[in-house]
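A.B. asks: Here is what each chain is made of, one letter per residue.
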Amino acid sequence: MKRTVFFGALTVAGLAASMASAATLDDVKARGSLNCGVTTGLVGFAAPDANGVWTGFDVGMCRAVAAAIFGDPSAVEFVPTTGQTRFTALASGEIDMLARNTTWTFSRDVDLKFEFNGVNYYDGQGFMVPKELGVNSAKDLDGATVCIQTGTTTELNLADFFRTNNISYEPVPIETNAEAQQQYLAGACDVYTTDASGLAATRATFENPADHVLLPEIISKEPLGPLVRHGDSEWGDVVRWTLNALITAEELGVTSTNVNDLAAAPTDNPEVNRLLGTEGELGAMLGLDANWAQNAIAAGGNYGELFEKNIGENTPIGLARGLNAQWTEGGLIYSPPFR
Amino acid sequence: MSTLTDPPKAAFRPSQLIYDTRYRSITIQVVALILLCIAFYWLINNTVQNLANLGKEFNFSFLGSRAGYDINQRPIAYDNSMTHARAALVGMTNTILVSALGCIMATIIGVIIGVLRLSNNWVVSRLAAVYVEGFRNVPLLLWIIAIFALFTEGMDPPNTFRPNADGIAQNEMFLGSVAVTNQGTFMPGLAWSSLAWILSLVLIACIAGIVFLRRRARAIQAETGRIVPVFLPALGVLIVPMVLGYFALSAVSQRNDQVFVALGAQSGMDLASYAEASGRINFCSIPSEASTINAERYMQSTEVNFRRGDFFGDDDARKALAAGNCSLIIVDASEADALIAEIEATPLFNEPIAVLSDQLVEGRVVEVHYPVMTERGIPRFEGGFQVRNPLIALWLALSLYTGAFIAEIVRAGILAVSRGQSEAAFALGLRPNRTMRLVILPQALRVIVPPLISQFLNLTKNSSLAIAVGYMDVRATLGGITINQTGRELEGILLMGMFYLALSIAISAVMNFYNNRNTLKER
Amino acid sequence: MSDTHAQSSTFVRTQMLSEAEPPLREKGAVKWLRENLFSSWLNAILTILSLLIVYWALSGLIPWLANSVWTAGSLTECRQVLSVDGLGSHDGACFAVITDRWVQLIFGFYPSDLYWRPVLAFALFFVALAPVLFSAQLPRQMMWFSLVYPFLAVWLIWGGSIWSPLLVLLGFVVGYLALRELSKIGGAIVGVISAIVVAVIWWGLITPWATNTLHRVVGEARIESETAALSAMVDEMTPRLEALEAERDGLIARVNEEVATKDALLEEALSQRLNNPGTPAFETARSALLAQMDVLMAARREASELAVETFLLDEDLSEARGLLTRTRLLEAQNAQLPGLTEKAAELRANLPDAVANLLSLDGAGDATPEERQALEETLAAEEQAATLRDALESTYATLGRVGLEPVQSREIGGFTLGMIIGVSGIVLSLPLGILLALGRQSPLLIINKSSVAFIEVIRGVPLIVWLITASLLLNYFLPPGTNFDLMLRVIIMVTLFSAAYIAEVIRGGLAALPKGQYEGADSLGLDYWQSMRLIILPQALKISIPGIVNTFIGLFKDTVLVVFIGLLDPIGLTNAIRASTDWNGIYWELFIFIGLLFFIFCYSMGRYSLYLEKKLQRENR
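Chains as they are written, first to last, in the working numbering: chain A, 1 to 339; chain B, 1 to 523; chain C, 1 to 621.
For reference, chain A alone in the conformation it holds in the complex (with noise of 0.2 Å):
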């Protein structure tokens, strides 16, 4: 229940108190904007530019998420959250929802009470090491001293390998992957393990890229995506089918510079006329505006364009599309029928 608590008096407009309730969608309209947790960096998936506006593959979902509700997809505030303050941040309510790169577990699903609102990227713990180190396979690794970005399930994953493959190393734990990046290219660590896209990224912006390779072994299942606190699915509905319209979208070639052509007037597939809201009341079953998946969409354009613009091949990040191919195209990203 709400109560007026005493620090609620020395609050002035900027800090105001807010809290947590059982209708997080009602609170978000009622505040005007989202409260979206990012990482406090990576790249291509949340930063900061020079003038402060977030960009990245996490932040499109959020200001997504944002844009179906208000229509507007600067109506987000952007709350960096650091691998150990993240649950405590959503728990809390201080955050409507958490889209930092989060795996989604058995335990934080369950024992931790979130609600994970499907996948946004497959990913895997992944290693790279230098070239000149000749190693072929993570099986190699024996006795080497490994870097990994902490706070996160990558520590019992390479405990785990490394235990099960029977060979020892040796953990460098470091809090951000800047730091470990350059314990790793002074050759302070002889291999960098994180999540895969991260690598990829980080190897990306090196001076010579070719110098370093990832190998083949993925030794862990990465399913990233967005997730709210339990007990309110209405908002978590929100999250999930904003998340899903922009996988239909591609699925159905719906686009940033289409869409509003498509939504003008309802067109021959009846999907598309569902999800724009040209035909049926899909919005309001949702408690949001018929062209919520429109708005949706045009903030960043859909799954695809997003992935395009923040990781993919023709950014300097240059990520493949791979699992994160749509379904019919031999990926994983599938999004249930807008029906």
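Quick caveat, the hints were computed from the structure, so don't treat them as lab data.
Don't take each hint at face value.
Claimed, not checked - To be clear about the criterion: a stretch of chain C counts as covered by chain A if any three or more of its residues have a C-beta under 8 Å from a C-beta of chain A, and this derived list gives those stretches:
1. 312-322
2. 388-400
3. 466-480
4. 536-547
5. 581-593
Note that the Cβ used here is the ideal one computed from N, Cα and C, for glycine as well.
Based on these hints, arrange chains B and C on the given structure of chain A.
C.D. replies: Frame of chain A, contents of chains B and C only:
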């Protein structure tokens, strides 16, 4: 007779509780106590409610579950199959280790720099001033990051020590036994035979002897004024028994028969045939034991390829053998059969296990083992005593930072002793070094020690920044990964806070004891 | 009498000789060198060693600094510029990152059109500090400004309606009046307690009510004109935004052209370097490239300025749109609210007795399903009404705002963040620190012991643990559902933390006062608080100032630890900056810049505190 009667006792009135100073203090305290209790009740009640809302229970059972992560610096035995409690303990030991090392180093640096800053040598005193101001005025976290990065970029990686195709390495080890790399420093280590405890008893006896010698010399000086030399006799008392003991004990321990017990071996095999049969040998090595060192030398001399898995003690290594994590162990000849029987009794154990036919002995009572560059695979050093860079960098950063503060304390302490004291000492005919030792230092220390205590406390608390260099202290294990993995913030942070509090109290207790012993006894 | 004549004795000088030059080794640089650097063997060795250290440090640093690149848009471009001179990426610094991001390192994400506010707050800080430090020279009336300053600074930095800080300030006045009037009736203790109660009631009940009412009144009055203004603004802004966006896109295209030109020039310069090194042809190509870099950076700057303008306009527009929508909803919401509230109240009144007073479902463990459902419905209705009320309040708050544009605290970062946390930590902790110091000296057992326990517990645990507590645990200790700003939580924690340290500093000050001062106060018949207020504390605080300044320096340096809980202080920002593809891989330059700023600030503060200490020593002699 006049009788003296007490004045009539005034009846107690409630208003005295406020207006009478005798009672008012009680009122205030009772009110304060009630307010305090209410505050605590409010906090605890909130916590209970919040925990209930989150469906969490306040308990420490998570400490008993498997940690699952590895720790790079392990002063005590640990691997990822052990519990979170064990991981927390390793973290605590690491915190204590780096704090203790840091306090010692910071004191040394602080004293040297503090004295140099008073030097009349312009260059030296300026340089000392630059050091002090530079470290004092920039956040420690920046220094830790900078020093760690300097270490990684300023030193060569280990692969520069590996000979290339022509047999020439870019870097040579210092004296063939010490290598300083950007992953760590590798130097010779000591290994002990099973008789080493006797040697340590001898050492204790020697030290007791030296203490006795000093006491006696002091007593003689107090009685007769004659100064009895202590240094040389003390050296003799230390060295002669130790050397004798070393040779005698080595002679004994080199008669201790040792045998290999090998997993997957048939009885009667020798090492060479076992190596051939099993492909690759995984040696359960205990680097702190002389028998291991001797066995490794033997294996190298017979040109058997092996890989070592390092363990902390006998139990550890034997458990690893039973679990199949390593395949070859060296044990006392007398214990071999018992060990085999014990391992075969382990449920689920189904591999053949046998004693190899090679005859070995335990090494000398103290063996030195050297770090060696591996020839294949990842370039790294095996054996020897290894100190990893996170520890060195954190240690240096903490000591340099705190050293800058201590230097100022030392400078102030020396300046606080008035010039008349040294002049008086000279007038008494004391030589400069005795003046320093007997007159100046004891007085300066009285000024130095109290602020020094708070610097030691600061250093200990600052060691919680270890995570910035990847050193796994209690904040990184218990307060970091464990909390992250189990979601038990309340319990974890509470434990961590209590640990730091206990550590701080212990340090100030020890230092205050020292300080009280040395303060001026005023009568 | 001897009658010696000067003229008669040829062996006596008639005039003084002019002073001879001292021997070569006893004068000038040589003497200075001999006495200061080479007075003994040990000294000579130390000198040479020191010089070697200095040489070693400078020989590494100076070329790196000398080759530094200041104009480039990314690390790659820095490397390109270096490569034209045949230098590797480690041979020269890339300070272009500082040119690009220094504003961010200082202000964080504070809206760029509002930078004057924190700057003004910072400048006024010194004005407010002056009467405290130079009480003798400045008129006493300036103290009033010092007292008002904290509220002014909060208002300047976070913005919002002017009456929020005024109402909070009024709380102190009300409390003081209560203290004065009621202590006449019931004595000091009653006075203090009632003053606290009155102030708390003022802040807890009256302030929110008054703020809301004021907002509502002003909002209602403005509603017509605001709606008109807003829709005019939206209509006017939309085409302007489109024009700006088009212009921006044009500029981006131009930047891309310039990049292409630069790439061509780079290739040219590199090939010239390879084929004709040192020739004028190479020099021309090199300077052409460098000139092009300037052109490119100018184009980028222009584009970025335009992008900022577009961004701000976009924000304004989206805000205006949002407000317009919410304003249009106001009428309906106002009509809806009484019904909802009534319905909730009715439901609550009709609840079965077993669950009548429950505020959440957690307590309804043993309720029957019907009771449970009734409770659920009630809670939902109450929730709905509360949300609607919140929505109304926030709309009115925006509509009826008289003051500055509000700024969220998560937009504050960099050195501004460290400054705010450090200054507010010290200022807020002073009263608490004084009370704790007095408590520690108090003969009252419980007060003494609890002060000691508080101080020792706070000082025994590292700040980083307290910060983690602030970010992870504070929510546990406060009533369920409470949640407030992370920065405020950090400030509260830092205040408690520094209070313990300040208490020790002030205890030192109290202990340093001669006993005669206490006895003198007693002999005048002053009671405890009077003697503290009039005699002891003014003196003790004065001698504590250097210690307080030193505590502040320590605290300011420690504010970088907030990076571990996700606040973007300078070090946190380095991570954010290095997470952009442009600057990924940059290292030393950022840390050198941050370290330098910290050094300048802390060093000058430290010097000042030393000066104060000496001055106080002179005065007390």
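A.B. asks: State for each hint whether it applies.
C.D. replies: Hints and how they fare:
Chain A is given as covering the region 312-322 of chain C, and this holds because 5 residues of the stretch bring a CB closer than 8 Å to a CB of that chain, at least three being needed. Only residues whose C-beta sits within less than 8 Å of a C-beta in chain A count toward coverage, and the region 388-400 of chain C has 5 of them, enough to reach three; the restraint holds. With a threshold of 8 Å between beta carbons, the proposed coverage of the region 466-480 of chain C by chain A holds, since 7 of its residues qualify and at least three are required. Counting residues of the region 536-547 of chain C whose CB falls under 8 Å from any CB of chain A gives 0; the rule of at least 3 is not met.
Counting residues of the region 581-593 of chain C whose beta carbon lies closer than 8 Å to any beta carbon of chain A gives 4, which meets the minimum of three for the stated coverage.
In this structure, the one hint that does not hold is number 4.
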